[in-house]
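Visitor: Here is what each chain is made of, one letter per residue.
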Amino acid sequence: MRTSLRVTGLAAMVTLPLFLSGFHSFQFGRVACVAILLVSLNLLTGDAGQISVGHGALMGVGAYTTALLVKHIGLPYAIAIAAAAVACAVLGAAIGLPALRIRGLYLALVTLSLAIGLPPLLKRFGDVTGGPLGITPPPPDLLMPGLTPSQSTYLMSALTLVAVLLIYTWLRRSALGRRFAAVKASEAMAVTCGIRVAATKTLAFTISSAVAGLAGGLYLSVVGTITPDTFTVMLSVTLLVSAVVGGLRSATGPIVGALFFVFVPALTSGMGGQAPQIVYALVVLAAVYFFRDGLATIFNLARRRF
Amino acid sequence: MRITPTAALAGAILMLATACGGPSNTHGEQGVSATEILLGGTFPKTGPLASYGALATGMNAYFKKVNADGGISGRKIRLISLDDAYDPSRAAANIRELVLQEKVFAVIDFGGAPVVARDYLQQAKVPQFGFAGLTALSDVATYPYTRSWWPDIGQESRVVARYLAERNAGGGKANIATITINNDAGHDYKRGIETYTSTGAASLGKTTTYEPTDTDVSSQVNTVRDEATDAMATLVTGAAEISMIKYVAQTRWTKPLFLYSGASSITSFLKPAGAAAKGVYSALWLKDPADPQWANDPGLRNYRSIIGTHGDGANPEDIIVANGYGFGEAFVAALKSAKELTPTALLAAWDTLPATSLDVLQPGITLKGDPKTGRPIRSFQIARFDGTSWTPQGKVVDAEPGAS
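Quick mapping for you: the protein sequence lines, in order, are chains A and Z.
Under the numbering used here, think of the first position of the first sequence as 1, with each following residue one higher.
Under the numbering used here, think of the first position of the second sequence as 1, with each following residue one higher.
Watch out, some of these pointers could steer you wrong.
[Said to hold, decoys possible] Computed, partial: chain A to chain Z, Cβ under 8 Å:
{"id": "1", "residue": "Thr225"}
{"id": "2", "residue": "Asp229"}
{"id": "3", "residue": "Gln277"}
None of these hints come from the bench; they were simulated from the model.
None of the values given here were measured: they were computed from a predicted structure.
For every residue, glycine included, the Cβ atom is placed at its ideal position computed from N, Cα and C.
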């Protein structure tokens, strides 16, 4: 019964936005990409207990890698996005190896510098990256005939999100997932259990980076053009906030977090004055005070009550 | 009822099949009805650049005035303006919302963030008008649906270099140093100076940049300020600009210090710099309402009364409101001269605007359409700040026609 409920939920989630207008399928395309990114943060922070303030930049690296491969080499999007995920995994491993050998906040600081450094770097090498005005690769082919471009990129992102969520759920229950949990609970305890802590943390960061790169490539396919200022440090911070607000320890958390990321600013922007910032701050505070495990826990409460 | 996974999947596929064949893209007279012309705007109304949200208020005040006078051949202009907080992803979403959902006739936006939707708007064939001076946005041939309101930053700095070269004519080649913000706008400004000095009419002095996050540029001033330097041409803004004006005065610099026109506001930069601001130069195209010399100017009097009636409480002394109002005037001029209300006719009208003076433009500066750059303003009034007011230096100067 529970499985069929989940399958129904997922199927409805994937197909329903297709009935909405072109603008809404675009917005839900963004939601799906952000949700994939939040899964990568869940894995890293919620499961392995490490903090990254640079996932927006990793998303940017994924988006730019995809754009360059599509534009200059002519690869199809699916292959370019997969290659972007691999590139981000390599980058993640390279960053993670030295930073994660040391305890504490070093990963946060290293990823923060990545987030600060990426936009100027992208602008500096304008011959390759298109400079401040970014790149627009040719749009992806339609996933199936009859869909509009925004429906098609939405569907591609939503199906990837479903796959990522399934793998994530499986991974958390696997031996590797338990190793992540052990490292998070106590590094000393993990060592006594025979877990190689540094290797485990690096692996978590590598997988997480790959998923962030995947999200970036899909995001490019949804939005069409990317510029360096899309991937500022503010994006990384907002993503981290959305991950916490949605919930770091469940599969529904990233979806709720992504809905928050996309729709709260859009819905409050009409209020005028300082209201949007205040509403945003209040939602974050309410989530942190009343729903420690994220707004996604509302669903669990509702399920218990009814 | 028990729903099996197979049934759910079958349902999903069925729904997917029926979803196919979504709405086709409509273009042509989208956003124009018998009674209305619908425009969409996306501006930073929150975040660090929130002060530029007043551009939309100024422009809308002029639209409301036009509506009160009967509109454009019976059609009222309605502006839906959204907040993008200068975040490219939100600008991209806003522009799709305006085009797909609200079905606007044209999109008006601010700065470099909405560039993410430039290609999209070419495909959707919806005109895009930007408040932006970036040279990369002066390219009508590649982006036939994108136009800009502000003058090209590179054109402005070339006009500045030419002025300095002519001013120094008796004393040998002018040596022009630059301090520019390390972003696309700063690079465009420096490139304009370089383009001019490369002709040999002046020489390029020391050049340096500062980071957008810096609030102090005194070390940059020390770098470029030496005996050989005849003038400093700068694109420095915000807190860094105020500190630069003060520091340059402290070093007893008596040669020209040029400020970027977009950072020449008396209220925001010159008053806060105090006495140190006396003697700075800029290449102006807009009247600053805070400048006392315009207190009885008929154009600004008209502007003030319209902002008072239709400005939703906006401050008419804010140069950003005047800037938005100026766009409103130019846009209405294009709408009125368009042969029909279609995107291509509007763009053609904008590109061929006849010489038109506006309430808020400097005396002697008029709109003049340019089909190559898509920018109707290409002349400047060099002026020197006397401590309270901008004093014109010579006549209005034109940028080279068509150049970008």
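Visitor: Evaluate each hint against the coordinates.
Guide: Evaluated hints:
| no. | hint | verdict |
| --- | --- | --- |
| 1 | Thr225 | holds (5 Å) |
| 2 | Asp229 | holds (5 Å) |
| 3 | Gln277 | holds (6 Å) |
Violation of the numbered hints given earlier is absent; every hint is satisfied by the structure.
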